Structures are given as C-alpha cells and as structure tokens.
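Using the sequences and the hints, build the whole thing.
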Amino acid sequence: MKLAKNKLQQAFDLMAKEANLLVPMKIEGVTKFAPWGAEGELAMDAVNTLLPPKDALFPQTEKMYKYKTRLTQVESLEEIKETDKQIIFGIRSCDMHSIDCMDEVFLTRGYVDSFYSRKKENLTTVAIGCTKVLPTCFCDSMGLNPVAAPTADVQLNDLGDYYAVKAQTEKGEALVNLLKPLLEEGDGEAAALECTLKVNMDGVQKKLMNVKMFESDIWQETAQKCIGCGTCTYVCPTCYCFDIEGKECGNEGYKFRCWDSCMFSEYTRMAGGHNPRPSKKERVRNRFLHKLAYFEDRYGKGSLCVGCGRCVADCPVDLDITMFIDKVGALKEAGSND
Amino acid sequence: MTNHECTCGENPLVPQICNVIKITDETPDTKTFRVQTLDGKKPFDPMPGQLGMFSLIGVGEGMFSVTAKGEDYLDFAIKRCGMLTDALHEMSVGQQVGVRGAYGNTFPVEACKGKDMLFIGGGIGLAPVRSFIRYAFENREDYGKIDILYGARSAKDLVFKEDLYTNWPAMKDTKVHITVDCDDEELACHVGFVPAYLEELAFKPDNRMVVLCGPPIMIKFCLDSLTKMGFSNDQVITTLEMRMKCGIGKCGRCNIGSKYICLDGPVFTMAELEGLPQEF
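Those protein sequences? They're chains A and U, same order as listed. Note that our numbering has the first sequence beginning at 888, numbered continuously upward. Note that our numbering has the second sequence beginning at 3, numbered continuously upward.
In short, the hints are calculated from the structure, not lab data. Honestly, I wouldn't trust all of these hints.
Some chain U residues judged to face chain A by a derived CB distance under 8 Å, without partners named [unchecked claim]:
(1) N13
(2) L15
(3) M244
(4) G254
(5) N257
(6) P279
This structure is a prediction, so every number in the text was calculated from the model and none was measured. Glycine included, every Cβ here is placed at the ideal spot set by N, Cα and C.
If you want it as structure tokens, here you go:
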C-alpha cells in the first residue's frame, strides 16, 4: 500500500483519534517526538531528532506509586498505572533498535518491569526509512539498515510523493487498516542508503571483554577531555539507567523514577562515602564498556550502541565513540598500549 | 490501621507495607529491626545471603542483607551511616516500613554440604554471614565442624552478642572465636586484628569452605592470610556491596563488568571475582 504525502496530516488526525500520536517536531529549536497538535513545526526530514523517542516508553520522570501516611502508619499505597495507547510515527532504524535493546533490559532476565511493559503493550511504532544521512550517522556499521527496521510495527519508505506502507506485525496491520481510507494500491522499493561515517566493530567487543583491557592507559587518555556533563547519556536512545526518588508534601507523597547518568559521581556513591567509580576515568570506562562490550555479553543481542551519532554530534568536547572504537580496533592485542 | 491497599506482588518495584515489631540495640551504631507484614506473616522467604529493599516511606529506600528469618518475621541488622539509616535508627516499634525482595543469589548452601565451615565476619559484615550460620545450625547434620571468627573495633561494637556468647558456642562441634582491635573494656576475648588471629588459629584448608564478609581492608588481608594457609580461591565465598536503586537488574548502577550485584550477586567466590574487573 502507499500513502500520498499530501494526505499525511489527514493520517495524523486519524491516528490521533485512536492514540497519543508522537511525531517528529521542531519545538523552540529542538527536534524531538511530540504529540501531534503541539505548538511547533513538523520535522519529517530531521533524520535524527535531537532527542530520541525513548521517553515514550521510559519517561524522563515517571510516577511509580503514591501513598498517604498518618504519623508512623502508612494509610494507603497505590501503584500508578499508565495505560494510554501511543503511536510513534517516523521513528528511524537506529531508534527502533534502541527499543529492542530496552526490551531486553526491562522485559527479560528474571523480572518484568511493569511500568515499561504496560507502555510497550500499548505502543505501535511506525518506522520511516532514511533518504539521507547525517555526517555523524553510522548505524550500518553497527549492523542496522537505515531503510529497514524489521521490528517496527509498520515500515514506511519515502518514494518521492508517496510513502510505501508495509505492516510488519499484527499491531501494524491494525494501524494500516485504520489508515485504509487514505491509502492507495501500490508499493515500491526503498533505495539503499549507506552511512558516511564508518567504524569497524570486528573484534572490538572481544578485546574489550578481556580483563587486561580494563587496566589499559586508553581509559585515562579517552576520559581526559570529558567534562562529565552527561549530555551523551541524555541524548542516547539506549541509555536506560534510572534513579528512584520521592516527593512528599504533608501526609502524602509519591515515589518516582527519573533518568540518571553514569557520568555523574553520585550515581555509584554509597552511604558512608565509598565510590567504586570515583573519577571520570572510571565513569567513561564503564559507559563505553557497557555500550560496546557488557551489553552483548549479558544479553547476546549485539552492541548497546545503535550508531545514531547523537553523542558524537552533541558532545561539547568532541569525545567521539567512533574514534574510540577505531582506537581499540587498532590495538595489536587487548591491554597493549599501542 | 485500616484501608490499606497494597499492590505488592504484581510489581517488583512497589514495596509491601510491614510493621516493625521489635528493635534490638546491637551496638551504639547498629540496630536490628524485626519486620512482619500487616497480616502477621514474614514479608518474603529469603535463602541465606539474599537481600531485601527496606524503605522508610517518605525518606528513602536502601538494600540490606537479611540477617535472619523466623516463622513470621525477617530481621535486618542496619548500621547507621547515611541519611536513610539515620532515619531508620530513629524509628520505634509500631512504625510501618516498606519491604520488597528477596533479591540476589544465595550462599552456596548445597555445595557446602558435608564440609567443615569457617565463617569470618568483621563489624557489620557478620549480618549477611549470620543468615548462613543460622541455616547451618538449622540443618546441623549437613555440615561438619563449624568455626566462627568475628572481629570488631572494640567490645561495644560486637553485634549479635547473645549469639556470639550464648547461642552459638552451645551448638554441637562449634567454636566461636572473638577478637577486638583494641582492648578498651577488658572483655574476656582476644585482642588483635582478624587476619592475624586467623593465622594464629591455623585452620586447615582440607574439606573446608570459608565465608568471609567485612570491610574491604579486612577482606584483603584475610585473603592474603588464607592463601598463606593453603586455601584456594574457590574455597572462599564473600559478598559485594554496590549502590542499588531497583534491585532487579534494571536501573544500571550496581554492575561490575556485565554482572549486576543485585541479581547475579551479592554472593561470589573469590575465584569468580578474579574473572571480573576489579571495580568495587
């Protein structure tokens, strides 16, 4: 099936009746996924929005439960359940794969995170193939295809005046069915696309998992210019670490979780003062090892870096993960310093 | 207390409300809190070594080892060392708290069967070890000779005194060795650091497993001593601590390499720790 681009807004109106529809928008200079109807301009050609759409599943701040107390007693404690239907329209292959990665974290290994799983059940994803790449895009080096996101519910591909529309799951079929009045017969193949930035991950994960690598000088060298601002973790579509905090007013309050960053010293600082990752060297090391080695080791689903290039583009001191990958790739053996 | 609506059980991140039914002063900075669900049961059924997330609603939440379980209660021995634990120490009996768990792996109680056991604790490090000691006494026939070596800074810092001086020495084939760093109250016990006393006691490594918990510096020197005495790294079991928020392997911060201490730990053999990055 295909959808004429001049019917896009009608399609949005249809979808917005069924669910909270998130589309790429430019709002006060920032590109991000925002509810259709928000004040701002549609940014279908943003390639990568400045902010990834991870907050649809993993909000920056999310209430977990609310409670009422009376003196030393807890009068009530109630879990907060969000079950709104959501559609992400226009997600790119890199960000779609970041959801696959978060699924591994939140839905597997013994515990299902109910806050995440409820949102995932109610989410439909509409991916759109890229037609151009940014200078910082390298998703094809990380095993992805910029014009195809196999786990998205619906795949769109830009064919000029039309989008080719292909349902890839049951949820996707339901969505295509909803859009049927606007769709026309026909389809077409997306033109293949290659990223300009290239990295070679061959052997990198294995080298990094070698304990010798942990003590390498490379970490001090790499971390030297980091200023610990946390931008990389904020814009990263796969950074999922969170903090749990509470807010109380009088005799009632709520517990919430919010994004946290491994680049901050408090992240691992324990009561009593001990901090196993006291300086930026340990923190940068943990972040890069998590992205490029630990995640694969734990979940067996490839790297936790999806090659979106946001951290490369947005780091204020140009601490570039692709340069780091090249550097490790060039090491004669794990742990050597040349 | 009426009208309580607890959703625990469905969501591992939501605590169940419990009553504090007993508080024991162990030392000037350590108290044991006994907790029970509102309908008089134990909040969960942990195996030795497992953890529980303990919260004072409105203040905060922290991960602690479960030091003992009874028919209808759990005991947490908690040392005062931060904002949350300060507040916990201000509680009185009847206070309600949040509890969720059990988290983490367990001491290898099966693999240790048929062996002689050496339990070494330093300071509040006896809290996790105690869960295994109690298990061994409950299943006394499954284990050989039991030696318990415990050290604290001074006599007033010894935790679980009733166990150390009365209950445990009375058990079959069991010896309790107590030492304090400095002899400030003329207590009838050995004076000296744990590693030195360990070497003095000259335990034989044959068919023996060691459970070792305490401050990092004590663990380091005890390991040196144990190696000198002929123990291998797979005979020594310890527990690790990291900052934790979720307890279920999601929030990210308690990793050492690709292991999460809240899920894959806290119990590791020294041989296992050798294969991990030294970042704890």
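Now the hints, each set against the structure:
At a threshold of 8 Å, the smallest CB-CB gap from U:N13 to chain A is about 4 Å, leaving the interface hint in force. Given the 8 Å rule on beta carbons, the hint for U:L15 holds: about 6 Å separates it from the nearest Cβ of chain A. Proximity of U:M244 to chain A holds as hinted, the smallest CB-CB distance being about 7 Å (cut-off 8 Å). Proximity of U:G254 to chain A holds as hinted, the smallest CB-CB distance being about 3 Å (cut-off 8 Å).
Taking 8 Å as the C-beta contact cut-off toward chain A, the hint placing U:N257 at the interface holds, the least distance being around 7 Å. At a threshold of 8 Å, the smallest CB-CB gap from U:P279 to chain A is about 4 Å, leaving the interface hint in force.
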